[in-house]
Amino acid sequence: MTESRLQYDVIIIGAGMAGSTAAAITARHGLKTALIERGQKPGGKNYFGGALYTHALLDIYPDFFEYRPPLERPVTESGFWFLSNDGVVKATVQGGKMANEPIDAYIALRAEFDAWWAQQAQQEGAFLIPKTLVVDVIREDGRVIGVQTDRPQGDVYAPVVIIAEGVNNLLTQKLGLIDHDIKPASAALAVKQLVSIPAKDINARLGLPDNEHGMAISVIGDVSMGMPGLGFLYTCTKALSLGVGVTLDALQETQIKPYELLQRYLEHPVIAPIIADGQLMEYGAHLIPEGGWKDMPRLYTDGALVAGDAASMVNALHWEGTNMAIVAGKQAALTVVEAHEKGDFSANTLSSYHSRLKETFVMKDLRQYRKMSRFLGTHPDFMDIYPAFLNDAMGMFFTGFGKPKRRLYRDILRSLTSRRPIVKVVGDLLSFGRAVMGM
Amino acid sequence: MEKRQEQERRALPDVYIDDILMSLKYFTDEQELHLAIIDEAVCQACENQPCIDFCPVGAYRPQDGRTVQIAVQSCIECGTCRVLCPYLNVSWKNPRGGFGVAYKFG
Amino acid sequence: MIHQLVSVKQVPDTTNIRIDPETGSLIRKGVPAILNPYDAHAVAAAAEWKQKLGGRITIITMGPSAAEDALRECIEMGADRGILISDRKFAGSDTLATSYVLAEAIRAIHAEDPLDLVLFGKQAIDGDTAQVGPGAAVRLGWPLVTYAVKIREIDPDTGYTLVERRTEAGVEVIKTPLPSVLTCEKEIAEIPYASLPQLIASLQYEPERWTAEEPVAYDTAQIGLKGSPTWVAKTGTPEQHQPGETIDVSEAGVKRAVEDVIDKMLANNSVVSILEG
Amino acid sequence: MTRRFWVFLEQTSGVLHPVAGELLGVACRLTTEIADELEEAGEEAIVEGVLVGHEVTDLAQQAMQFGAARVYVVDNPSCKHYLNRPYTEVLTTLVRKYKPEVFLIGATTLGRDLAGAVATSLGTGLTADCTRLEMGTARKSPKKLLLATRPAFGGNVIATIVCDDRQPQMATVRPRVFDMPPCATQVSGEVIHETVEITPDMLAAEVVEVIADEASRVDIEYADVIVSGGKGLGNPEGFQLIKELADELGGVVGASRAAVDGGWISYPHQVGQTGKTVRPKLYIAAGISGAIQHKVGMQDSDFILAINSDPNAPIFEVATVGIVGDLYDVIPTMIETLRARKGAAA
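Protein chains in written order, with numbering that gives the first Met the number 0: chain A, 0 to 438; chain B, 0 to 105; chain C, 0 to 276; chain D, 0 to 345.
Be a bit skeptical, because a hint or two may be false.
DSS-like cross-link-like pairs, simulated, lysine-lysine; straight-line CA separation at most 25 Å [stated by the list, open to error]:
(1) K254/C to K341/D
(2) K242/D to K254/C
(3) K225/C to K143/D
(4) K28/C to K199/A
(5) K142/D to K225/C
(6) K88/C to K185/C
(7) K263/C to K242/D
(8) K24/B to K185/C
(9) K139/D to K98/D
(10) K96/D to K79/D
(11) K341/D to K242/D
(12) K88/C to K233/C
(13) K341/D to K233/C
(14) K79/D to K225/C
(15) K225/C to K139/D
Covered stretches of chain A, going by a simulated chain C footprint (3 or more residues, C-beta under 8 Å) [as the list claims (entries may be wrong)]:
(16) 143 to 151
(17) 274 to 281
These are computed hints drawn from the structure, not numbers from a lab. Because the structure is a prediction, the values reported are computed rather than measured. Cβ atoms here follow ideal geometry from the backbone N, Cα and C, with glycine treated the same way.
Let the sequences and hints guide you as you build the complete structure.
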């Protein structure tokens, strides 16, 4: 075949947050960029809670809000709901810093947002190739020089490839950047239902003044049935996103069907009235890499870089992942631009990706929280006992009228110690603190 | 994991997953299956067959006693089975470009 | 070498359409616009025959600018030329006006590069009317074969094609002269998986745009609302039925539930008449 | 002046399609809905049938039993088997001659092939697959018009469509949407023979072979008992159980679109907006969630039994009786119970 081969300056695999960001930056710097996406459209394979973080979006497009991005509500109230089996203690924050413009986070739906985000990269000059799966990289003398797709005559060449393939990082594994597949202990499965509810009902049920106010809630306790995991609730404009994420090893052990766990959450006496008469718009599930620091692959090799979920860039405690992906995508792209300037795509040159990332919150946070997933794995009661106790305690406190208060406090304490010896409680708190601080 | 009984937990409801899956859009590949059991005998010998429970779309189904079948067309490509199969007995790859689940909202 | 034309439509994917409970109108969000599936298979059939006999495939579609994506998808499958017939003046066209617009376009293309075969999907999934293909055939004065499930043969030398069509009675094999108009079922051909260069070419393809004036000067009395004898007087949502009673197996037990239901069935006059009759 | 309401009398091999009777019933009802206008204007309305074929004149009698006051017969050897162009020519010619106000055609494979061509030839409006027809006022029309209601967007929306400035107002209606009218024993009516010239160029397309096809022969539209399966069967093999129950009840097997799309069973079994409309005496829906597009195809059945393990499945909204449970428990028990009862009765 004498046809000229498909040659680009850079190939980016996966048009998610990391990939489309990287594509926008490389194209902006004049590189001939191919962005390859396996879905019908960017976003078609993506499923998240969730919220996007303004700081990261504005960093890529300073006038982001003027492009009319497809966002749902801004997050004006955020916090925790601690569920017992029939009640809730809410600890949320609104007003104050939450109300400062620009609002720090916006709720979004990925199918629509990612398609738009990729369009911005196309506007910068990147060439989007959808409906195409990259099955392997092409190597020459050990260097990556292109990718092989699943289409006939499907080889594409570039001196450097950014892999943003997502959590199922098979290419990253094939490249030998990590020597093992995801481990059950370091990934969570999140299942979610998007339930359509009229905006005015959402506002009335959740106490939101209008459609320009929204909530991002982490739900702890009864929702995960004792497994290390969290529930969540996000307000879209005319729908609610409700889901549960639990670690894979716990799921395996308990033999609980994820969709039954989710349904149980939706039927919780506190949640059910919020979604009453709602219509299921979409159900889905996705893995979340929670290994963080310890499951991070090597981030570069000769001719290739890895970013986003594929590189385990997720902070499970803070529900952060998309912003890390954006930052990493940008840094990977800048590294590629630099490599093109030098005309050198060796691991040595690309190693600056790692040092660039170290200067960002991504590496700092991932390092700080490196012990968190282990903590939750070894302290399953944290998800169960304390929320139940909290509900009990608050319940007693506010119904204890006509009771000697000394007895009330004693009852409350007993409610805790009957669940867990006080020594262990102190130990839990200490190790939680250490895990958060990264000590 | 230690199970605590002192607080009565609400039971898990029965869920009919196929009805829930009606909310999903798929581009079904009629020509190629992206998911397969490597060795059926391994599944038959598998004690717990956890895949029947952990798959979030219930794509793994018991068939005639101890055989396990995959309803590939309902797969949403999450990867859980690849990671959790105790015998790594699942041949897992992504569907061909353009095929498989296509989230409308995400 | 044959010249085939496929007329396609971009439609909302009706498989998951929902109604806004507040406004009673269709929710467009989350409902992607797709190439009408029957049309996609018609294009696939044309691509198969282009492979066998050589030649060209022209695609036409009438619709808004976004319908360019539908044309690109046809190019991806192997079509050579895509024409978007788009003009505000076409808005409100019913099936009669639409068949006029398409037939005139087909006539113009035929005059420039004679056609052998014109393909339509059997119907569009949004309207399900199945009228535009037959309408266009009548206007062109060309033979029509609806519900085609297989093209057995196209012989440009003798000028005939053999087509199988499905009816209630079975499969009819029709011999019809070229050019003929076919409306196609999905079985007519499998959607091909394009090569990467083909896919890339389709992504970069810029469809031609035709308006109500150029290159065909349409008679404004026959297009848009003016050219459409039918109009929608009102829309609504289907009536809700009164639900009957349900028996829960987990409470009643399978045996009881089944016995109960059979008793209820037998208490119904029309059911008992057939079960015991 | 006479206001003519026409019905196309579809026949194959000398057998009248039941939809013709159903439409004659509808046409008769439509004429009663304009009784006030007729009286005021001193006009009359008449229901007439059009019969095309070869040696089919006998069928005119049947049409009269269902309410046709006059039947136009075009008997031509070229029309023995249906072909689009000669039939279009015949109907177009007759319409131009007699100028009917309303023209109804069954939405069968044949009728749908024909109606679009006839309407286009006449330059008039056609509403396909109507589920409701009535005469009423719309816009500024001085006379009552045909209000044709049909589902769209997969059954999620119903739209009422009118055609006010051209005639005839044409509509197609699927079999079983309307009741068969009572069949009169004593009829009087007129048969008018018409000749329409069929030129050889109209016969350019010809049927060279007919292959009777098992898949096409599934006749669920007129079955008394239908047992349908959906995605809830879990796998294609589930249809064996459905078939077993259908056999036990003397019925046929139907399916939801999801099951057909999944390739579990062939398209002729499909019930719903894009499949067939059915009105059996007994309809059993097993493992079918009840998407709107399915419900519109079966909700007028006399007795609907839904079996589904999800108590919230929309199918229960149209069911006469519902069983919430696993169909793989329920159906075998049902087969067993039916057999036991039959045994006891015998």
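Now for the hints, and whether the structure bears them out:
1. Restraint check: the Cα-Cα separation between K254/C and K341/D comes to about 17 Å, which is no more than 25 Å; the hinted pair holds.
2. Between K242/D and K254/C the alpha-carbon distance is near 21 Å, which keeps this suggested pair within the 25 Å criterion.
3. Taking the CA atoms of K225/C and K143/D, the gap is near 21 Å; set against the 25 Å cutoff, the hint holds.
4. Proximity of K28/C to K199/A is assessed by CA-CA distance (about 18 Å); at most 25 Å being required, the pair is judged to hold.
5. With a C-alpha separation of about 21 Å, the suggested pair K142/D and K225/C falls inside the 25 Å cut-off, and the hint holds.
6. Taking the CA atoms of K88/C and K185/C, the gap is about 32 Å. The hint is violated against a cut of 25 Å.
7. Between the alpha carbons of K263/C and K242/D the distance comes to roughly 22 Å, so the proposed pair stays at or under 25 Å and holds.
8. The straight-line distance between the Cα atoms of K24/B and K185/C is roughly 19 Å, inside the 25 Å bound, and the hint therefore holds.
9. Taking the CA atoms of K139/D and K98/D, the gap is near 22 Å; set against the 25 Å cutoff, the hint holds.
10. A threshold of 25 Å between alpha carbons decides the hint, and for K96/D with K79/D the separation of about 23 Å falls inside it, so the pair holds.
11. Restraint check for K341/D and K242/D: satisfied, since their Cα atoms lie roughly 18 Å apart, inside the 25 Å limit.
12. Between the alpha carbons of K88/C and K233/C the distance comes to roughly 23 Å, so the proposed pair stays at or under 25 Å and holds.
13. A hinted pair counts as satisfied when its Cα atoms are at most 25 Å apart, and K341/D with K233/C does not qualify at roughly 51 Å.
14. With a CA separation close to 39 Å, the supplied pair K79/D and K225/C exceeds the 25 Å bound.
15. For the suggested pair K225/C and K139/D, the alpha carbons sit about 16 Å apart, so the restraint of at most 25 Å is met.
16. Residue count for the stretch 143 to 151 of chain A with a Cβ under 8 Å from a Cβ of chain C: 3. That meets the three needed, and the coverage hint holds.
17. Under a criterion of three residues with beta carbons nearer than 8 Å to beta carbons of chain C, the stated coverage of the stretch 274 to 281 of chain A is upheld, 3 such residues being counted.
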